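Student: Chains A and B, in that order, give the protein sequences.
Each residue of the first sequence is one higher than the one before, starting from 1 at the first, in the numbering used here.
Each residue of the second sequence is one higher than the one before, starting from 1 at the first, in the numbering used here.
Treat each hint with caution, since some may be false.
If chains are identical, the list can't say which one is meant, so a pair holds when it fits in one copy or spans any two.
To be verified - Within a straight-line C-alpha distance of at most 25 angstroms, the following computed BS3-like cross-link-like pairs (lysine-lysine) qualify:
| hint | residue 1 | residue 2 |
| --- | --- | --- |
| 1 | K352 | K65 |
| 2 | K299 | K24 |
| 3 | K72 | K352 |
| 4 | K520 | K535 |
| 5 | K581 | K72 |
| 6 | K247 | K118 |
| 7 | K106 | K475 |
| 8 | K589 | K398 |
These are computed hints drawn from the structure, not numbers from a lab.
Since this is a predicted model, take the numbers as computed values, not measurements.
There are 2 protein chains.
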Amino acid sequence: MNQDYIKPDNWSIIEEEFDADQVKSSESLFSIGNGAMGQRANFEEHYSGPTFQGSYIAGVYYPDKTRVGWWKNGYPEYFAKVLNAPSWIGIDINVNNEQLDLFTCKKVENFRRELNMKEGWLSRSFKFTLHNDNEIQVEAKRFLSLDLDEVGAIQYSVTPLNSDADLVITPYIDAGITNEDSNWDDTFWNISNLEVKDNQAFIEAQTMKTNFHTCTFMQSECFVNNQNVGLQPQVIRTDNKISFIYKLSINQQETFTIHKFGGYTAGRNHNRTELIQAAQTVLNKATNLGFDELLNKQKQAWAKIWEMADITIEGDVEAQQGIRFNIFQLNQTYLGTDATLNIGPKGFTGEKYGGSTYWDTEAYCIPFYMATKDQHVARKLLEYRYNHLEKAIENAEKLGFTNGAALYPMVTMNGEECHNEWEITFEEIHRNGAIAFAIYNYYRFTGDYSYIPEKGMEVLIAIARFWHQRANFSKEKNKYVILGVTGPNEYENNVNNNFYTNYLAKWCIDYASENISKIKDEYNSDFARIMNKVKLSEAEVSEWKQVADNMYFPYSEEEQVYLQQDGFLDKELITVADLDKSQRPINQKWSWDRILRSPYIKQADVLQGFYFFEDDFSTEELKRHFEFYEPFTVHESSLSPCVHSIQAAKLDRMEQAYKFYLRTSRLDLDDYNHEVEEGLHITSMAGTWMSIVEGFGGMRMKDDMLSFTPKIPKQWEAYSFKVNFRHQILTVNVNQNETNFEVNGNKDLRILVNDKLITITPDNLVTV
Amino acid sequence: MNQDYIKPDNWSIIEEEFDADQVKSSESLFSIGNGAMGQRANFEEHYSGPTFQGSYIAGVYYPDKTRVGWWKNGYPEYFAKVLNAPSWIGIDINVNNEQLDLFTCKKVENFRRELNMKEGWLSRSFKFTLHNDNEIQVEAKRFLSLDLDEVGAIQYSVTPLNSDADLVITPYIDAGITNEDSNWDDTFWNISNLEVKDNQAFIEAQTMKTNFHTCTFMQSECFVNNQNVGLQPQVIRTDNKISFIYKLSINQQETFTIHKFGGYTAGRNHNRTELIQAAQTVLNKATNLGFDELLNKQKQAWAKIWEMADITIEGDVEAQQGIRFNIFQLNQTYLGTDATLNIGPKGFTGEKYGGSTYWDTEAYCIPFYMATKDQHVARKLLEYRYNHLEKAIENAEKLGFTNGAALYPMVTMNGEECHNEWEITFEEIHRNGAIAFAIYNYYRFTGDYSYIPEKGMEVLIAIARFWHQRANFSKEKNKYVILGVTGPNEYENNVNNNFYTNYLAKWCIDYASENISKIKDEYNSDFARIMNKVKLSEAEVSEWKQVADNMYFPYSEEEQVYLQQDGFLDKELITVADLDKSQRPINQKWSWDRILRSPYIKQADVLQGFYFFEDDFSTEELKRHFEFYEPFTVHESSLSPCVHSIQAAKLDRMEQAYKFYLRTSRLDLDDYNHEVEEGLHITSMAGTWMSIVEGFGGMRMKDDMLSFTPKIPKQWEAYSFKVNFRHQILTVNVNQNETNFEVNGNKDLRILVNDKLITITPDNLVTV
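Based on the sequences and whatever the hints tell you, model everything.
Tutor: Shown next, in the form of structure tokens:
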């Protein structure tokens, strides 16, 4: 944990010193993205210190050969790597024959870096002193345009403070890059063409194997004291790099500024043969607007996002900064405009975990996108899985399933499994349930049932078939059991009868059956089309029901709790509080066998079930289970604190809820796990949003209405959030005394507040 | 299975056709070794078809970097690879400008290969036809000397049958080799010196990282019609190869013969700087003896081995050939002369599994070596583990154990763990028990208690400490449990309360405690030395006993059997007989999760416990457990059929015992698992020996005496085996009517036969 490094601020992430040891962490924290591409906050100028260089293009990946010590049948041959893309941000700066390099220069003063979340830009300013004692002021600003999402812009200024300066300024594009996580020094790009036309430079490169075609481009303009000086560069090319070299001399206190525009066009959006042409088009658009006007549009675009998604917190700057950082990063990662993209666990901020899509999307991200965007965004996320259904069926076939049963991959880019640890790949099958749950959750929230007959039903059937086949009848228990699974708590592997998995399996079958009946009754033609496609008989459905109706759930009469899995009570039940601090985090201190036989829980497992299926359990039951399991929970997954925060709030454990909230919202800003340099935890950021809206705000769906039970941590004066509910925006403002509701549009909105029905008329504040 | 390829023969392995598809399998089956080195039966002459080239030097390995998809704390950084060593066998043959290559020549006739097990040599003969229709007869014979164990000899003859022949004969040594199993095309050898002196060639090469120094050498002599023609070769060197080129012309029907001597001297036996000198010495010894005399000595040395180790079977050639093949290969692999060596699972016949030492040594190999060699060989195998005790303690420390607890590695070369699958490396901990059991077994059989106070006690204490720490108290069960293990049946991972493991753990503690008391009483000075070293208090021992006395064993009242682990009865209990044949072997057909949740058993698990601790259970109990578990056993481990054969014999299920016997003894000869091309299953061959001696012969130790309950399969007329019991050789000869016992030496031997005490006087046959 590194609590004081980032300066508290309502709207910005601010760093006020230059510390080489923090460079890699700050490169993660100050990352920028626009949904189509993103990049770590690497410096434009040369930097010789430790750095993790990363630029990423959405949907561009590489199927690396799976290498395991001991092969198991069913492992995928390849797994997807997030690929570092060619860089377009570089600008080498040479002043009076010395290269600007913050790591080696004589002195750095007044270093300040700001990620302005309100307006969507990153800036740096600092004064550096050369070894010849020349002092130079640098100001840099950079953003990735939301309007022209293939382009980014940099404004980089140099002012010699105490001497005249001979400047050599070298913006470049560079395809000679490798992956940070490439253990084997592999390269992943073939460079096919380097071209310079009219002061614009282009490098065409294709990923190996996947053959994603990209064109990386740039164009620059030079100014002295804000006057375009029409400098023409000398052009240098190597095999994988194009540099423009500008040479000029300026006087002391004069300011040289370069505007550099750069970015990528890619084969997924353009004809492969027209990538340069597309790049020219977008570059011309950007340069015609100019840096300032493009930045203005950026501010407007972000204002529009915030208008819908912002959460305000009064009286607690750190909490405010935390939630905005989370909302900002989610919007930098995924905007819902492309049905083939998804929300990678590290977004565009690092390479760890490979793949883009985990069950995180369904379990954690969909609620956020559903409530802060138009509902078509959530529907796109559901369709992503519908489009992968055939591959999920193939995946299940590899594991011995038949008859159209589907197992969605643990990690994927294109629907194919790209994970290779048997205890996860083959056994962490609850992910299937989350995908079904998201369909229910979408319908419950949006009221848009049409998705189910159109697409969702096929997914629900394939998932129900999976659970039906995966369970087996235990004569011993006279019940159906599910053996050999890994639950959400990945600190248990290959366990029998994980409560969460069994419960989800039963629910999936029940929900699929219900919907089959409903579609049969209400959507005749869809029903006929689906049945014709999936060949489902009533007899098969009643076989499913047999399993669902007789599912086994491990339960302790003595503790009056459902057991996380068979045998949980055989463990040495020492609580986390009684565990020596030197042993934490256990995933860094203990060998895997020791973790497995311990009672320690990585993230909500039984409690995840209580979260999804809250209405099936009484608050008393929740209390008992929370009190039993939370003390064994080490929260070593970024996805853990949010669910616990929501449940603590529900149980009126507000101090605990607040602590969990801070942990989830500032996980990266305060670097709780000493790993932020590897990138940010993007998907858990949606959990942070949930912990305010569902936790403190108590938002639920009840009787087809929004329902709230507003609470507020004592540390806060007030907080507010907005919910896009069925095409109306509801604003909820909670302070220590009351809650105010306001709705836009022209329809009354009926909601429940503390179980009381309230009708809100548009543009009239209702106070409760 | 490939049942008819190898010709039945009492003493030889014979192949009578040339089939390119069989070359790799035959390269395994006809492998030769002398304990110090070994090699696959690669052809001397060039062969361009599919081949797996392999020459191995005992104790020479390479610590390859562990590469796993997902790292777990505690994994070893390196794992040992068995290294392919430079080859010295090559002799290129060129006849009338055409290279001899069985894969490409016009015709091969009368191909015959023989591995003569009685005398320890390998031969080939064949007639091949060149594309110009020249016909050439080839005879080749090769062996690795037991007398001079650094040297091997080849006699290779060429006779042109229908024309005169210009011959170019090129013996060579070649260090430009790689490993068959090298996924990453790595090389493992640095070549430091190539030298030729007086018709002897030397290549000095060192393994990378481990820096094992070796010198590969050769010398040749040429004969025409058995007359040494004193040919001097032309010498060619490349970076990694030295070739001698002999050119001569011979007439039709004349025979050219080359004698080639070659082999290795290594830094583990000589000063690194004197390897060439040592090579010269051994080459001179060998060439002074000459091929024929060295071969004579080879026959004598093998006769001596057979005199002690042979098992005869009358009336069943295939069974006879099988057992001799097993005994022969074991003796080719390990002769007990070097305490730093051990019995690799593939011996010198392949590279799979890396490492040399598994629990196979203690559980399967020690009984064979104990009864067929002087007892110091078995003691050396025990000392091997004693010498690794410190590393086993370090290994346990990495997994969180303290206070001198030891966990022996799953796989090792030098005492360090070199396996990297968490479910095996960290959890297949029963291996520790087999190491303790072997100490008991050694004492029980040899009566040599001295090993325990001198060395064994420390090992027993460290192992007892491990079990004490590894168990934990379950309040739920009011017993000690052992959670998260993998038993001998590796088709279950991370299970709780594996009966075998729990039983072994209890036994280890009990046996350690007993011996502490005994040594305290009877070996004062050893006791003082040990206690001073290991700091063991009586209080600690009584804590151990607490665990042993209250160990939990899963048991089904209904089935009246101990359960393999908690929850076994929840499985879908379909027997192997009812499993569709197309699903077998399940390890090739099923994904790992499916195997894990199935009831199918890879090798004896509960029944392994009944094998080790037979006296603790009634025959009735054995019968019940055998009848419960064997029907679920797929015997997909080479170590499975032998134990089942022994138990089937004990239960008078002689047909089944015979079937298991054939499967274990001809596993490789008949290629049951379609994998013999990867190498032979050396360690399970000791199990084959046990299945005759302990299975059919019913040999046990009872009341400090040998005990027998002889039985004979109805397919056999008679069988006999010998046992080196406490410096006397007992010969047991069983036929369909009676059993004959004979003992050498000058002492009476008292044995039990079918529980009746019999006294055998030296050199008097006793018939029962």
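Student: Evaluate each hint against the coordinates.
Tutor: Now the hints, each set against the structure:
1. Both within a single protomer and between protomers do K352 and K65 lie at most 25 angstroms apart by alpha-carbon distance, with minima of 16 angstroms and 21 angstroms respectively.
2. Within a single copy, K299 and K24 get their C-alpha atoms no closer than 27 angstroms, and across copies no closer than 70 angstroms, so neither meets the 25 angstroms cut-off.
3. In the homo-oligomer, the alpha carbons of K72 and K352 lie at most 25 angstroms apart both inside one protomer (23 angstroms) and across protomers (16 angstroms), since each shortest distance falls under that limit.
4. In this homomeric assembly, K520 and K535 come within 25 angstroms of each other (Cα to Cα) only inside a single copy, at 14 angstroms, whereas the closest approach across copies is 76 angstroms.
5. In this assembly of identical chains, the alpha carbons of K581 and K72 lie at most 25 angstroms apart only when taken from different copies (21 angstroms versus 37 angstroms within one copy).
6. Taking the closest pair of Cα atoms, K247 and K118 never come within 25 angstroms of each other, the shortest separation being 36 angstroms inside a single copy and 87 angstroms across copies.
7. In this assembly of identical chains, the alpha carbons of K106 and K475 never lie at most 25 angstroms apart, being 77 angstroms within a copy and 65 angstroms across copies at closest.
8. In this assembly of identical chains, the alpha carbons of K589 and K398 lie at most 25 angstroms apart only when taken from different copies (10 angstroms versus 36 angstroms within one copy).
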